[in-house]
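K.L.:
Each chain is listed here by its residues.
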Amino acid sequence: MNCAAAMIPGTRWQQSSLLVFLVVVATVPFWADDYWTRIFTGVAMWSALAMSWNIMGGYAGYISFGQVAFFGIGAYTTAVLMQKGPGWGFFATLPVGAVLAGALAVLIGWPVLRLRGAYFAIATWALAEAFLQIATAAGFTGGSSGLTLPINASTSFFYYAMLVPAAVTFVVCWLLLERSRFGYRVKAVRDHEAAAESIGIDTTRVKIQAFAFSAVIPGVFGGIYAYWITFINPTSVLAGDITDQMVVMALVGGLGRIWGPALGATLLYLVDRQFIASFGETTAYIAVLGGLLALIVLFLPDGLISLFSRGHRTALSRQLLVRLLPGRGGTTGRGGRL
Amino acid sequence: MTLFIQTVVNGLLVGGLFVTISIGFSLAFGVLDVVDFAVGEWVMLGAFAGVASTTWFGIDPIAFLPVVFVVFAVLGWLLSPLIYRVRTSHYARPALMALAFTFGIATLARGSMLTAVGFDPRTVDIGVVSGTVTIGSLHIPALRLLGFAFAAVATALFMLFLYRTRTGLAARAVAQHKEYAGLMGVNVKRVSSLVYALYAGLTAMAGVLIGGIYSITAQDGPLYTLLAFFVVVLGGLGSVGGALVAGLLLGLLEALVTVYISADYTLAVVFGVLFLVLVISPRGLLRRGLA
Numbered sequence: 004m005n006c007a008a009a010m011i012p013g014t015r016w017q018q019s020s021l022l023v024f025l026v027v028v029a030t031v032p033f034w035a036d037d038y039w040t041r042i043f044t045g046v047a048m049w050s051a052l053a054m055s056w057n058i059m060g061g062y063a064g065y066i067s068f069g070q071v072a073f074f075g076i077g078a079y080t081t082a083v084l085m086q087k088g089p090g091w092g093f094f095a096t097l098p099v100g101a102v103l104a105g106a107l108a109v110l111i112g113w114p115v116l117r118l119r120g121a122y123f124a125i126a127t128w129a130l131a132e133a134f135l136q137i138a139t140a141a142g143f144t145g146g147s148s149g150l151t152l153p154i155n156a157s158t159s160f161f162y163y164a165m166l167v168p169a170a171v172t173f174v175v176c177w178l179l180l181e182r183s184r185f186g187y188r189v190k191a192v193r194d195h196e197a198a199a200e201s202i203g204i205d206t207t208r209v210k211i212q213a214f215a216f217s218a219v220i221p222g223v224f225g226g227i228y229a230y231w232i233t234f235i236n237p238t239s240v241l242a243g244d245i246t247d248q249m250v251v252m253a254l255v256g257g258l259g260r261i262w263g264p265a266l267g268a269t270l271l272y273l274v275d276r277q278f279i280a281s282f283g284e285t286t287a288y289i290a291v292l293g294g295l296l297a298l299i300v301l302f303l304p305d306g307l308i309s310l311f312s313r314g315h316r317t318a319l320s321r322q323l324l325v326r327l328l329p330g331r332g333g334t335t336g337r338g339g340r341l
Numbered sequence: 031m032t033l034f035i036q037t038v039v040n041g042l043l044v045g046g047l048f049v050t051i052s053i054g055f056s057l058a059f060g061v062l063d064v065v066d067f068a069v070g071e072w073v074m075l076g077a078f079a080g081v082a083s084t085t086w087f088g089i090d091p092i093a094f095l096p097v098v099f100v101v102f103a104v105l106g107w108l109l110s111p112l113i114y115r116v117r118t119s120h121y122a123r124p125a126l127m128a129l130a131f132t133f134g135i136a137t138l139a140r141g142s143m144l145t146a147v148g149f150d151p152r153t154v155d156i157g158v159v160s161g162t163v164t165i166g167s168l169h170i171p172a173l174r175l176l177g178f179a180f181a182a183v184a185t186a187l188f189m190l191f192l193y194r195t196r197t198g199l200a201a202r203a204v205a206q207h208k209e210y211a212g213l214m215g216v217n218v219k220r221v222s223s224l225v226y227a228l229y230a231g232l233t234a235m236a237g238v239l240i241g242g243i244y245s246i247t248a249q250d251g252p253l254y255t256l257l258a259f260f261v262v263v264l265g266g267l268g269s270v271g272g273a274l275v276a277g278l279l280l281g282l283l284e285a286l287v288t289v290y291i292s293a294d295y296t297l298a299v300v301f302g303v304l305f306l307v308l309v310i311s312p313r314g315l316l317r318r319g320l321a
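Residue numbers (my numbering), protein chains in the order written: chain A, 4 to 341; chain B, 31 to 321.
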C-alpha cells in the first residue's frame, strides 16, 4: 500500500481525494439511475476522445481536424463485423477497429507529418470529409440509411465498457506523455521542432507515433459507441461536429494537460445534454460550439484547468495587462509554426 | 469526344472561380500567417446573400454584387484584427490557437446559417443571363461564361492591386517578412486587415456566382474550404502563380470526376490527388510554396 501510494504523485490530501474520486466513478451504476448512468457513460467516452485529440493538439502541437475519421472507422468496423454474415463477438471487433485506425494514421501521417505547419490540419480534415462521402456512397456501410447492430440493453454494461477503456486511456497517456522519454520527445517537437531535430530526435517518427497512438483511441471508442447506440449512419459517427466537440472539450479544459480534456468533456457533455433536453436536437448547438471555441481562444487560451494551477492569478493579470496595453502584440517573422 | 471537350470547357470555366477564391485565400494566409478555415463559409454566406437579393429586395444578384462585396469586406475588416491579435499574442502556441480560432468562426457561421435556413438546397436565381451559348457542337451555359468572365476581371484587378500599387507592394512585403516590412514603415496590422477585407469581399462575390451555377446548402462551407485548400496546396502554400494553375486544374478534375465517375466521389478523388501531391512534391506542383 505504501509502495503504491509512493508511486502516485501529490500530497496525502490529493491522494485521498483521488481515491474517493475513483470509488465514486467505479460505483456509478449502483447509486445513479439509468438516465445519469447514461450521462456518465457519455462523459467517459468524450473524456477519452478529447484526450486522444489532446495528444496531437496539446502535446505534439499539431491540430487534427479529422479525428472523427478514426472514430467512424472503429464504429463501422464493429458494425460490419457484428452483422449476421461475419457474426463476430463484440469484444473481438474492437482490436480490429483499433489496428485499422492506427494503420490509417500511419499511412496519412507519413507524407503529411514530414512537413511542418498547417498541412496536417488540412489533410486530416480532408480525410474525414472524404470518409463521410465514401461511407454515404458505398454499399457495405449501408449508405445513408446506415447499419443496425444487435441490441444489448444493459446500461451498466456500457458504463463499464466505456469507463474501463477510458481509464486505461488516461493511465497510458499519463505514463507515455508525462512519465517517459517519449513524452519529452513529443513536447520537444511542440516547443521547438528545429531544436528537437538538432539534438537528434527523429521528429517525423515521433509525430507519426503520436498520431497513430491518438488514432487508436477513437478507433476503439467508435466501436463501443456503435454497439451502445445500436444504429449508426454516416452523420452519427462521421460528422465533423464530432471532431468540433473534441476540439472544444480539449480547449475548454486545457491543452497539453492530462486532466484538461476530462474536465472539459465533463462540463461540455453536461451542457450538451442540457441543451438537447431544453431545445431538442438543434443545429444551434453547432453555432454554440463554434462561438465557444472562438471565445476560449480569445479569453482563456490555457483552458479552465489553468484556473486551478498555482500562480494563475499573476498569469491572468499579466495577460490582462498585455491585452489592455495597445501595441504590445508586436510583429512576428515568418518563422512561426502553424 | 464532344462530351469530353464539353466537360473540359465546363470544368475550366468553373475553375476560374476557384482561382479567384484561392488567390485571396493564399494571400490572406501570407499576411496573417493563418490558414483561414472560414474561406468556404464566405462562399456559402455570399451565395445566401445572392439568394436574399432576389427574395428580399427583388434585385438581380449580378447588380447586387457590389453590395455583397462591401458588406463582406466590412465583415472581414472587423474580423481580421481578432485573428491578428490571436496570431501575435503571447499565448504558448499562437499559430495553433489562430487556426482553432478561424475554425471556431467557421463553425459559428455554419451553425447559425443551418439554424436560420435549414438543410434545404437553394439556388441563386440569376436572371440577366440564361440559356447556352453554342460554338460549333459545344453548348456552353451562359452562366458559366459569366462566372469565368467575372473571375478573370476580379483576379486581374486583384493582381493589379498587388503588383502595381504601393499598398499591394506593402502587402507582398508583409507576406514575405512581417518584421522587416514593419521596419520599412509598413503598418502590418492595417495591411493585414485590408488584405483580409478584400479577400472576404472577393470570396463572397465568387460565392454568389457559385450559388448560381451549383445549388448551395448551409452546410456546404467545409466543402469549399476543402477545395480552396486543395488549390493552395497543389499550387504551393502562399504562391499566387501556383493558385492560378491549380484552380483551373481543380475545376477540370471536378468536372471529369462528376461526368465519368460520380459526383459522390469528388471529395475522395480530390483527397487522393492531394495525398499524392504531398507525397511527391510537398511544395506544390510548381515547387513554389513554402514547405
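Possibly wrong hints are sitting among the right ones.
Partner residues aside, some chain B positions facing chain A, computed with beta carbon under 10 Å [unchecked claim]:
no. : residue
1   : T37
2   : M127
3   : L286
4   : T288
5   : V289
6   : F305
The hints are simulated quantities; they were obtained by calculation from the structure and are not laboratory data. We treat Cβ as the ideally placed atom computed from N, Cα and C, and that holds for glycine.
K.L.:
Can we keep the B:F305 interface hint, with Cβ of chain A closer than 10 Å?
P.N.:
This interface hint holds because 7 Å falls under the 10 Å limit.
K.L.:
Return the status of the interface hint for B:T288: holds when the least beta-carbon distance to chain A is below 10 Å, violated otherwise.
P.N.:
violated (13 Å)
K.L.:
Does B:L286 pass the interface hint, meaning its C-beta sits closer than 10 Å to a C-beta of chain A?
P.N.:
violated (17 Å)
K.L.:
Report holds or violated for the interface hint on B:M127, using the least CB-CB distance to chain A and a cut-off of 10 Å.
P.N.:
The hint holds - B:M127 has a Cβ within 10 Å of chain A, the shortest such distance being about 5 Å.
K.L.:
Does the interface hint hold: is B:T37 within less than 10 Å of chain A, judged Cβ to Cβ?
P.N.:
violated (21 Å)
K.L.:
Regarding the hint that B:V289 lies at the interface with chain A, is the smallest CB-CB distance below 10 Å?
P.N.:
Violated, because the Cβ-Cβ distance from B:V289 to chain A comes to roughly 16 Å (cut-off 10 Å).
Hints 1, 3, 4 and 5, counting from the list given before, are not met by this structure.
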